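Colleague: Listed below are the residues making up each chain.
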Amino acid sequence: MSERDNILARIREALAVPAPMPGRDHDAARSRPVLPTTADQRRVLPAVGKSFDEQLALFRKNAADLRADFRFVQDLDALAAELKRICAAENWQRVASHGKELTGAACRALGLPVLLTDQAFDKRELARCDVGISECDALVAQTGSVVITSRSAGGRALSVLPPHHVVVARREQLVPDLPAAFALLKSKYGASYPSMISITTGPSRTGDIERILVLGAHGPKKLTILCF
Amino acid sequence: MTTPAVQFKQDARRLSADLRHRRIIQTAMGNYEVARDQRKAAFQDWQGARQMAAETKWEAVNHLDRHLEEFVRNLEARGAKVHWASTGQQARDLILGILRTKNTRVIVKSKAMTSEEIHLNEAMEQAGYEVVESDLGEFIVQLREEPPYHIVFPAMHLTRDEIKDVFQRKLGDAPSSNPEELTMVARRVLREKYLQADVGITGANFAIAETGMLSITENEGNARLTAALPRTMITLVGIEKVLPRLEDLALFLPMLAAMGTGQAISCYNTLYGGPRQPGETDGPEEYHVVLLDNHRTALLADAEQRDSLHCIRCGACLNVCPIFRNVGGHTYGTTYSGPIGAVITPNLRDLNEWQHLSYASSLCGACSETCPVKINLHHHLLQNRRNASRRKPSWWQKIAFKVFAPVAAKPALWSLVTRMGRLGQKGHRLVKGGRLDPAYAWTKTRDLPPIARQTFKEWWRVRP
Numbered sequence: 000m001s002e003r004d005n006i007l008a009r010i011r012e013a014l015a016v017p018a019p020m021p022g023r024d025h026d027a028a029r030s031r032p033v034l035p036t037t038a039d040q041r042r043v044l045p046a047v048g049k050s051f052d053e054q055l056a057l058f059r060k061n062a063a064d065l066r067a068d069f070r071f072v073q074d075l076d077a078l079a080a081e082l083k084r085i086c087a088a089e090n091w092q093r094v095a096s097h098g099k100e101l102t103g104a105a106c107r108a109l110g111l112p113v114l115l116t117d118q119a120f121d122k123r124e125l126a127r128c129d130v131g132i133s134e135c136d137a138l139v140a141q142t143g144s145v146v147i148t149s150r151s152a153g154g155r156a157l158s159v160l161p162p163h164h165v166v167v168a169r170r171e172q173l174v175p176d177l178p179a180a181f182a183l184l185k186s187k188y189g190a191s192y193p194s195m196i197s198i199t200t201g202p203s204r205t206g207d208i209e210r211i212l213v214l215g216a217h218g219p220k221k222l223t224i225l226c227f
Numbered sequence: 000m001t002t003p004a005v006q007f008k009q010d011a012r013r014l015s016a017d018l019r020h021r022r023i024i025q026t027a028m029g030n031y032e033v034a035r036d037q038r039k040a041a042f043q044d045w046q047g048a049r050q051m052a053a054e055t056k057w058e059a060v061n062h063l064d065r066h067l068e069e070f071v072r073n074l075e076a077r078g079a080k081v082h083w084a085s086t087g088q089q090a091r092d093l094i095l096g097i098l099r100t101k102n103t104r105v106i107v108k109s110k111a112m113t114s115e116e117i118h119l120n121e122a123m124e125q126a127g128y129e130v131v132e133s134d135l136g137e138f139i140v141q142l143r144e145e146p147p148y149h150i151v152f153p154a155m156h157l158t159r160d161e162i163k164d165v166f167q168r169k170l171g172d173a174p175s176s177n178p179e180e181l182t183m184v185a186r187r188v189l190r191e192k193y194l195q196a197d198v199g200i201t202g203a204n205f206a207i208a209e210t211g212m213l214s215i216t217e218n219e220g221n222a223r224l225t226a227a228l229p230r231t232m233i234t235l236v237g238i239e240k241v242l243p244r245l246e247d248l249a250l251f252l253p254m255l256a257a258m259g260t261g262q263a264i265s266c267y268n269t270l271y272g273g274p275r276q277p278g279e280t281d282g283p284e285e286y287h288v289v290l291l292d293n294h295r296t297a298l299l300a301d302a303e304q305r306d307s308l309h310c311i312r313c314g315a316c317l318n319v320c321p322i323f324r325n326v327g328g329h330t331y332g333t334t335y336s337g338p339i340g341a342v343i344t345p346n347l348r349d350l351n352e353w354q355h356l357s358y359a360s361s362l363c364g365a366c367s368e369t370c371p372v373k374i375n376l377h378h379h380l381l382q383n384r385r386n387a388s389r390r391k392p393s394w395w396q397k398i399a400f401k402v403f404a405p406v407a408a409k410p411a412l413w414s415l416v417t418r419m420g421r422l423g424q425k426g427h428r429l430v431k432g433g434r435l436d437p438a439y440a441w442t443k444t445r446d447l448p449p450i451a452r453q454t455f456k457e458w459w460r461v462r463p
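So the sequences go chain by chain: A and B.
The opening position of the first sequence corresponds to residue 0 in numbering that gives the first Met the number 0, with each subsequent residue numbered one higher.
The opening position of the second sequence corresponds to residue 0 in numbering that gives the first Met the number 0, with each subsequent residue numbered one higher.
Check each hint, because a few of them may be wrong.
Stated by the list, open to error - Derived coverage of chain B by chain A (criterion: at least 3 residues anywhere in the stretch with Cβ under 8 Å from a Cβ of chain A; other residues may be distant):
1. 51-59
2. 196-203
3. 273-282
4. 316-327
FYI, nobody ran anything at the bench for these hints, they're computed from the structure.
Being a predicted model, the structure only gives us computed values, none of them experimental.
Quick reminder that beta carbons are idealized off the backbone N, C-alpha and C, glycines included.
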């Protein structure tokens, strides 16, 4: 027998005796628990307003608490102009991104050579870039998170190796909460999932030295979210 | 040879008198409690969330065979290689085997308690590989050549000056004891390691059956880099980490963050579902997942304590435990410390050798009350005490109860003994707490309240 068969056999033998369910009467152990629905989850999770404006305000507040830089602008031109201002202020020399509609438009405005990570690239070259500019799948109001995948955001390294991660997003990508974010991932990728899905919330941080917050432990020191 | 029980007693005595250690831990825990309570309050119904999380985990663990098979099927469909290990030895051999075929030199690791459990680092170092822990806390304790102090905060027992010292000694680079500057030293050193490493090894917080993905929670980005840059990635995960559905994370991710670190959600919650897929340009070419049993099925077979496999390793029970806060994490001498460690270690290792941990508790129940998945921790400690004494009752307990039982059963004898006890206590007062005291082992740290001058029955008889 393989180790797989051994382990599964031990599991089945162990489970022949039913276990009581926490927080329920003993004879309830016989009935199977019902897994919570999305509506059940929404009843207990932190509250999120219904309207777009409420959700936008919540995202803005969460982003600020997490020390992410969130800027909501009129249109794609304004977004490109905003990006140009940040570029000048931080004196970017090398830029990395991936070839999608929003990132393409934003990077063209910078007028700098761009390392594209959706083609074969050298990881050491990416490590030397000042910024990684990516698209995303969703912004989550409830937590101030950005949902990215290896398919939507130029692979695994672009969003975590350079010291500054800039996300460009459309307002339609704002979702209210985590249940909505997972529902979106399922409907978008259910047939074939990318190899990585990351819910990123604020710039990289650590509290491992005397529980004092330091930004930029290993990942980006800055996270900027530009949305129009 | 020192047994674990003797070592525990020695270290506990030393550390509970170490006021400096206690101050460090109390400060850290005080900050944690404030943040945790804010996060709990943000939930519309925290108790409801706990019940849902407990039931979701119950379903996962009580139909583990089904969920594991679904998990493996979905993960393998995307080209990941899944390995099964019944023991720590098998898991080590499997991983060393993978390292050999990949011509490995440098290995970068993100935090994995499972790897501490099977002593993977020692095995890999002995085989000649360079192993680098990338989580800052783990990196610090690795430099100090000691095990993690706490499952979530590995270096919480150290001050910035101690960390500066070890950086100076081992890295030759410590500009100051400023936490930010120290963090940047680690960042510089580790950046190069991510780029050099041939293999990245991670643990995982959840294994999603429905989609065949491993979910890793972290704040630093070290696991993201470990999973992005090396050409081979290995995840070592306990079989009990399964969750049935992707959307279960909507509940578990914020609960884990609230209880683990007092955050609304951790900085990076990342799902890995395979090696580099067609059309992707980076990420590992090979992804190996090692499923570890290592006595988990024995715990599963104990229906009474099966819920201890619901544990999401948030560390909340350690943080609230009065014993942990006084004796510290290293005193336990185990991979998992605090209440959850005291419950599972006797089951994962050996009950007779580790049963003393069941007594490292005041039975206050703070652990059970805080546990986000409602594990009945302090009752399990009592059950372990019962199981241990059933298996090997101590001679003095046998004698004590042989004497106690007839006395307690006969009212006349009971009343005689209490009267003698009152007299005896008067005499005891002369030697109490001193070396001449026959009960010194008990009285040196405890007070024995005086027996009441009148029993209820005596009072009843003479009541006005």
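Colleague: Confirm or reject each hint.
Modeller: Structure-based check of each hint:
no., hint, verdict
1, 51-59, "holds (count 6)"
2, 196-203, "violated (count 0)"
3, 273-282, "holds (count 9)"
4, 316-327, "violated (count 0)"
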